[in-house]
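Chain L is fixed; fit chain Z onto it per the hints.
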Amino acid sequence: MGVAVYICHCGVNIAKTVDVKKVVEEIEKMPEVTICRDYQYMCSDPGQELVKKDINKYQPSSVVIAACSPRMHYPTFQGTLKEAKMNPYCLEMANIREQCSWVHEDKERATEKAISLVKSAVAKAALLEPLIENEVPVTPAALVIGGGIAGIQSALDIAEAGYKVYLVEREPSIGGHMAQFDKTFPTLDCAACILTPKMVDVARHPNIELRAYSEVEDISGYIGNFKVKIRKKPRYVSEEHCVACGDCATECRLADRIPNEFDHNLSKRSAIYVPFPQAVPLKYTIDPDRCLMITRGKCGKSPKCVDACSANAIDFEQKEEVEEVEVGTIVVATGYSEFDPAQKPELHFNDLGNVLTGLQFERIFAPNGPTSGELVINGKVPKKIAFASCTGSRDKRVGNPYCSRVCCMYIAKQAHLVKEHIPDADVSVYYCDVRAFGKGYEEFYERVQKEGVHYRRGLISEVYEEDGRVHVRGEDSLMAEPFDEGVDLLVLGTGIIPNADSNEMGQLLHISNSSDGFYLEAHPKLRPVDTVTDGIFLAGCAQGPKDIPDTVAQAGAAAAHVIDVLSKGKITIEPYNAVVDTDLCGGCRICESLCPFDAHHFNEEKGVMEINDTLCKGCGVCGAACPAGAISLNHFRDTQIFAQIGAVLND
Amino acid sequence: MSKPKIAFYWAGSCGGCEVAVVDLGEKIYDVVDAFDIVFWPVAIDTKYDDIRNLEDGEIEVCFFNGCIRNEENEEIARLLRQKSKVMIAFGSCSHLGGIPGLGNLSSRDETLDYVYRKTPVSGNEGGTMPCTTCVKDGNTIDLPALRTEVSALNDVVDVDYYIPGCPPPLPVIEGAVAALMNGELPRKGAVLSTEKTVCDECDKEKRKKMVGKARRIYDDDVDPSRCLLEQGIPCMGPATRGGCEAACPSANMPCTGCMGPPPASQEQGSRMVTAITSLIGVENEREATAEEVAEALASLRDPVGFFYMYSLPTSFLKRRYNDE
Chain L
1 MGVAVYICHC GVNIAKTVDV KKVVEEIEKM PEVTICRDYQ YMCSDPGQEL
51 VKKDINKYQP SSVVIAACSP RMHYPTFQGT LKEAKMNPYC LEMANIREQC
101 SWVHEDKERA TEKAISLVKS AVAKAALLEP LIENEVPVTP AALVIGGGIA
151 GIQSALDIAE AGYKVYLVER EPSIGGHMAQ FDKTFPTLDC AACILTPKMV
201 DVARHPNIEL RAYSEVEDIS GYIGNFKVKI RKKPRYVSEE HCVACGDCAT
251 ECRLADRIPN EFDHNLSKRS AIYVPFPQAV PLKYTIDPDR CLMITRGKCG
301 KSPKCVDACS ANAIDFEQKE EVEEVEVGTI VVATGYSEFD PAQKPELHFN
351 DLGNVLTGLQ FERIFAPNGP TSGELVINGK VPKKIAFASC TGSRDKRVGN
401 PYCSRVCCMY IAKQAHLVKE HIPDADVSVY YCDVRAFGKG YEEFYERVQK
451 EGVHYRRGLI SEVYEEDGRV HVRGEDSLMA EPFDEGVDLL VLGTGIIPNA
501 DSNEMGQLLH ISNSSDGFYL EAHPKLRPVD TVTDGIFLAG CAQGPKDIPD
551 TVAQAGAAAA HVIDVLSKGK ITIEPYNAVV DTDLCGGCRI CESLCPFDAH
601 HFNEEKGVME INDTLCKGCG VCGAACPAGA ISLNHFRDTQ IFAQIGAVLN
651 D
Chain Z
1 MSKPKIAFYW AGSCGGCEVA VVDLGEKIYD VVDAFDIVFW PVAIDTKYDD
51 IRNLEDGEIE VCFFNGCIRN EENEEIARLL RQKSKVMIAF GSCSHLGGIP
101 GLGNLSSRDE TLDYVYRKTP VSGNEGGTMP CTTCVKDGNT IDLPALRTEV
151 SALNDVVDVD YYIPGCPPPL PVIEGAVAAL MNGELPRKGA VLSTEKTVCD
201 ECDKEKRKKM VGKARRIYDD DVDPSRCLLE QGIPCMGPAT RGGCEAACPS
251 ANMPCTGCMG PPPASQEQGS RMVTAITSLI GVENEREATA EEVAEALASL
301 RDPVGFFYMY SLPTSFLKRR YNDE
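Same order as they appear, the protein sequences are chains L and Z. So for the first sequence, our numbering puts the first residue at 1; every next one is plus one. So for the second sequence, our numbering puts the first residue at 1; every next one is plus one.
Chain L extracted, bound-state conformation (with noise of 0.2 Å):
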């Protein structure tokens, strides 16, 4: 009976601003407490083994650790109580290394900081109930959002693994942003030739359902028993009967007069139409904005697309179709939008004919592209080009602090491809630091230089049309003087930001994005591919700015883990949850529409609220909100809470 503590030095890092030696006399004299002791590391294997004989021979009810946060090693230390055969949720970790030694210098003062928080775990401690761990099956399917290089990864990767997967893409195709590049940085790969053989192995795979042209509209459920609902938006075209001739696209009375989205409107396309002639599915599209048939119900006498198609496809009657599938897990690879520099009125983006952004100049290299991969701008060859980096990243005035991480080695790429394209054209790349920090870039970043790329430090501040050219200005930050340069064209390193209905998929999802509006990793460092929500993992841009090869690699990871819980088969929950107290509950409903998880059901025959286990996570809304006390959640109930304030309190 009573608590075991065990107080740890960390090495030095607790014991060198804490007496340790002195929390042990204190805390030994707690009526409470049956044994304490101190060692050198209490999470390593000695420290582990000196817990599991304390717990044989005293048989305490409870355990405190005063060591490290409960996020870095509670789990281990649960460990530790499972193996001596005792309820790994009477642990209680009292933080004096975070929390105390870290930040504090006064070593007495430290000292009583420790004892303050170690006599306030003894005393949650000692109210603490063992919890039962719940277990419900899987659903052994995964749900992947987005279609771009990290969901068709995650998705091949799953399905791979024996899975099934829905893959859910908003656009016509998948393919994302990649599809778009010519070459990839720095190994200058051919990006369709890498990306377009996994989009057809995804058309193929007999575990993946692709729903192209479709958005996740609901989720309910929780990890394992996911309920997707997914409407499939229509196209206008059976996919069954078209066979991508592309007759009514050349047939349709709108063709090349509509901006096409793919070349970020360099060039135009019809109103019937596929991105890109790689697309998967490769399925022609009605652009149900644009189609004069839709539109204003006519198209002359009839619509040409129809009496072109000798495959019957066209079908002006379907009707978009809601599905709903139940998965297991799903991942969130929603990827990212391009910056717009209409925010910065300075580089008058809209204005002048020869400002480019970072993926339109993608565009121009493409040989799918607009110019059929000639570096050509309006109708001319460029001699002399500028570079813009850092637009719309690291610039607190446009809200974006963060580094986009890509904008410096797709610059230098593309100052590669220029030089390539044009070896006598003079190319700049005006600057405020380099970030050529991946494997082989900065031997690229060094490469491109030597190939007579200038790189200029001073961020560009005004741009403006003289004489038929661009001119930059700006003051160069290393030669401490100002610059004023004509060029053929400017090109600018556009960064990357969240998608605009990121918040609001964020909700559907019930997980949080960060300040920047990226979506929230459970933890930044230990566990970068999960969510606070079990079961939904994340994989690429939609995290955060990502090259390709971190994209693929967090893909993969998402992946695993997503395997690591369909191949389990059930999953368990930890037992953090809220729970009712139904001789108090009066069933006034308070709680039911604060909860977040949708955990709340109202028992119309008893009058009372009930919470699902397996749908709480935990969070406490409820409890906090439930005015006659009826809610308290598990682990950290009232009575522990006060009692850990009392104890503090009492010194």
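Misleading hints may appear alongside valid ones.
Stated by the list, open to error - Straight line, CA to CA, 27 Å or less: simulated DSS-like cross-link-like pairs of lysine-lysine:
id: 1; chain 1: Z; residue 1: Lys208; chain 2: L; residue 2: Lys229
id: 2; chain 1: Z; residue 1: Lys3; chain 2: Z; residue 2: Lys27
id: 3; chain 1: Z; residue 1: Lys204; chain 2: L; residue 2: Lys606
id: 4; chain 1: Z; residue 1: Lys208; chain 2: L; residue 2: Lys606
id: 5; chain 1: Z; residue 1: Lys208; chain 2: L; residue 2: Lys227
Hint data in this document are derived by calculation from the structure and do not stem from the laboratory.
Okay, now just chain Z, sitting in the frame of chain L:
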């Protein structure tokens, strides 16, 4: 053999609790049959000295209503505690401080100044103020001094049981008296009523709560079949112990919280504050902006009077702290 003795006392209160006892009707005879009433200033002629002359613990049960507002209340509370085996705080004032407890929002001097000089009907041209000692015709008259703050009974003496309510509802009194006569009293410190909240006894239809701005009962059409709180009418029912059979909501008046906090609630007012503030913005399915929260809160009239109508002296807030 003489019957066990009981006492009733009326401290700082309105007298409603005494009426609640009289409301027992003929059941009062069962009490008289079983007990000797040795002290009941409102009904029978007894003096403080009658109590002083008793042995300690000679009174079996004392029903004490009213808060501790002046020194006399406190003195008699201590005396009765000494002479009684079981001390019962009867009604909201002795249980929680009661409505007089809102007096803790003003200092003693502010209260006296207002009451004797500033009310529209004071008519005190000389500005005379009460004092504790007065000599008239060679005789000295002492008056009990007003305390600096209002307290509940258990702030000055040990209390065994609480009968809640303003005044305690008849079924609650009957239940308590029956328990007493049958010797079936629960553990010390218990509140002798039900454990669930008023909502449990309120038969209005309750749905998922979405509270926007606070309305008042006369503001608009109120659907009498539906939960008042859901319709924006501040109601303390969810944070209040039941036992009253939801008397007020049944008459389409919101609960004001007289039965006090339910057993697991540390603090009635703050519990209701967190409940109501949690709901602001819920209807929009997003976090409310600071302006929306401010607007919603501003629409709630007299927040202290709503959240702490009966429980201010026993709440964490306790009183407004002045320089005195």
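Cross-check of the supplied hints:
1. Z:Lys208 - L:Lys229: The hint holds at about 24 Å.
2. Z:Lys3 - Z:Lys27: OK: Z:Lys3 and Z:Lys27 at ~17 Å, within 27 Å.
3. Z:Lys204 - L:Lys606: Given that 27 Å is the threshold and the Cα spacing comes to 15 Å, the pair holds.
4. Z:Lys208 - L:Lys606: holds, 16 Å
5. Z:Lys208 - L:Lys227: The hint holds at about 23 Å.
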